[in-house]
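Undergrad: As a plain string of letters, each chain reads:
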Amino acid sequence: MKPGQKSKIYVSRDMASVALGADEVAQAFAAAGCEVVRTGSRGLFSIEPLVEVEQDGARVGFGPVGPHDVAAVLDGSHGARLGDVAALPFLAGQQRFTFARCGVIDPLDPEDYAAHGGWRGLDAARGMAPQAVVDAVKASGLRGRGGAGFPTGIKWQTVLDAASDAKFIVCNADEGDSGTFADRMLMEGDPYCLIEGMAIAGHAVGAGHGYVYIRSEYPFAIATMREAIERSAERIAPFTLEVRVGAGAYVCGEETALLDSIEGKRGQVRAKPPLPALAGLFGQPTVINNVLSLAAVPFILAEGAEAYAAVGFGRSRGTMPVQLAGNVKHGGLYEIGFGITLGELVNDIGGGTASGRPVRAVQVGGPLGAYFPPAMFDLPFDYEAFAQAGGLIGHAGITVFDDRVDMAHMARFAMEFCSVESCGKCTPCRIGSTRGVEIMDRIIAARDTQPVVAEGVEGGLARALHSRSPARIDAGLEAQTALLRDLCDTMKYGSLCALGGFTPYPVLSALDHFSEDFGALAPAKEAAE
Amino acid sequence: MQSHEASVDMKRLIEDWVHLHGRTRDQLLPLLHAIQEEVGFIDDAAVPLIAQALNLSRADVHGVVTFYHDFRRMPAGRHVVKLCRAESCQARGGAAIEVAAAQRLGVPMGATRRDGQVTLEPVYCLGLCAVGPNALVDGRPVARIDAAAIERIAQEVAA
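If you read the protein sequences in the order shown, they are chains A and B.
In this text, residue positions in the first sequence follow the working numbering: the first is 1, and each later residue adds one.
In this text, residue positions in the second sequence follow the working numbering: the first is 1001, and each later residue adds one.
Derived from the structure by calculation, the hints contain no laboratory data.
There may be inaccurate statements among the hints.
Claimed, not checked - Quick list of the computed label-pair ranges, beta carbon to beta carbon:
#, chain 1, residue 1, chain 2, residue 2, range
1, A, His409, B, Ala1059, 37 to 45 Å
2, A, His116, B, Gly1022, 33 to 41 Å
3, A, Ala72, B, Asp1146, 24 to 32 Å
To be verified - List time: in silico DMTMM-like cross-link candidates among lysine to aspartate or glutamate, alpha-carbon distance up to 20 Å:
#, chain 1, residue 1, chain 2, residue 2
4, A, Lys265, B, Asp1043
5, A, Lys425, B, Asp1060
6, A, Lys425, A, Asp161
For every residue, glycine included, the Cβ atom is placed at its ideal position computed from N, Cα and C.
Can you build the whole structure from these sequences, using the hints too?
TA: Below is the structure:
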């Protein structure tokens, strides 16, 4: 650095970085006369707030740093010097298809976006017939990243084939699952990528307008998307976009509830059929996709479907931005091809727990995902493998717990969360979740007070099912555990959507894999399959 | 007179807003957000005005206002602390932080302190799941909350 020359530094403006003090750091550098560029986050939060100093065209990282570290960072003497951030093992080991620009560019600078490969996918798509674009998405093997894993290309084909003058593209950015933040990071760190993906979808299916439905808990993402949509309006014309803001209802992450919410109604789940692809928003054919599905599309069109499909495992093609969360040493976003094992993610990449204690459980896929013990860490990250193991990938959030976790308490929380967030339309979810909390309270009480229960399962269940007064309920462990399984069965098969239908996953997986927390009287795992 | 004047203001607010954004039903949530942004809560007295402006029934508007956790029907405290209760924050000791915060702020979770100074509310995930326990303090994100952070938040909301 020559004397008198202005240092150019990069600091993240991601909500997580700001929560850790990035704004104060950026202000301190600006006050010291530096040119400060605010980027998205690189996605490794143990080094945030991260400052990157540009030197001879390369960036040298320092982190974590505080506002008092300006001088030491600028003269290079600071102890937290990381060198080239992209070369850190956490980042070098990734396959960043979707998140290639996140943390690197100024998220709102359209020129920066174009200089880093932006808009190539849209330009390629617009040079192709709509059917050819849909075929490319099909060939890529891309599956819905919101959790269901439905092939994106098939969904688009249905909308393309539907006859209507008014079709819509809806982006589901209601990322409510605890342990997930990839949608938020992308919208804050590379919003044009999502906009480009939506514009490609519009061209592919013949839709002229799109909505991005963002949860209100993400104020930074809302502001960034609004600004980016305004700045890119000409680039994506005649396609138009607008942001709609949620209002704190988790269930609106369910696609049909989300559509009702955009229409100005209570966010209640619709019965299917009709599919949203045929009768979605305002009754019109609608593509509704998750942020990560739409944001994967520009890469597919720019680099070719084969390049995307070349990575992956079995029927899960391409990459998944995995999110390491909870009690984990190196938490953050790790985009990698499918097939990596749970153990590699938690232990090798995540570095185990932040507390330094042993990992006891991980929950994969948010509040509706199963809990797995370390004994199952050889499970490969793949839609089918997880389904077979009694769980789901969901939005690929992994929440790590150490050995202090009480799994009966976590099962109770799953039921409690469902009762708070249920839209109320179907009975198994609305009533079942409340009964589930009561059953878990009885199990926890019984576990903590009576070590031995002699009652037979059959008699206890029959009485519990047919009793009318609380005093007649057999509050013993065995009876209540049997009742819990029965209730979960009803919720799983009787609920209208995934909220009630998947709440049994965390509950039953906790019961099956951590039966000691339920008084150790729970029957041994029925089948690990 | 006070309430009459307030409702006149509300009527103007709503009319000005629909003039800009339209009267279609899908504008209901954006309008409710705008009112809450401006006034702080959705007064029951505003419900018939909203219904009229968007050509909906009062029951329809009431149904939407009460469905969504975000919409308040009573004013909040001068400061609002939204503390995350979801799994990832729990994995990092969130439950103990919740108890400590409620005690230090002098208000139970989900309530407004009697002097109207602070509201403590649950939120289910802010998407900062690797650096919890997290909170939004008057809209500002705060991560890795420990005893010292609770003390800082308490000082901040005392002002």
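Undergrad: Look at each hint and say if it fits the structure.
TA: Taking the hints in turn, this is what the structure says about them:
{"no.": "1", "hint": "His409(A) - Ala1059(B): 37 to 45 Å", "verdict": "holds (39 Å)"}
{"no.": "2", "hint": "His116(A) - Gly1022(B): 33 to 41 Å", "verdict": "holds (38 Å)"}
{"no.": "3", "hint": "Ala72(A) - Asp1146(B): 24 to 32 Å", "verdict": "holds (26 Å)"}
{"no.": "4", "hint": "Lys265(A) - Asp1043(B)", "verdict": "holds (19 Å)"}
{"no.": "5", "hint": "Lys425(A) - Asp1060(B)", "verdict": "holds (16 Å)"}
{"no.": "6", "hint": "Lys425(A) - Asp161(A)", "verdict": "violated (31 Å)"}
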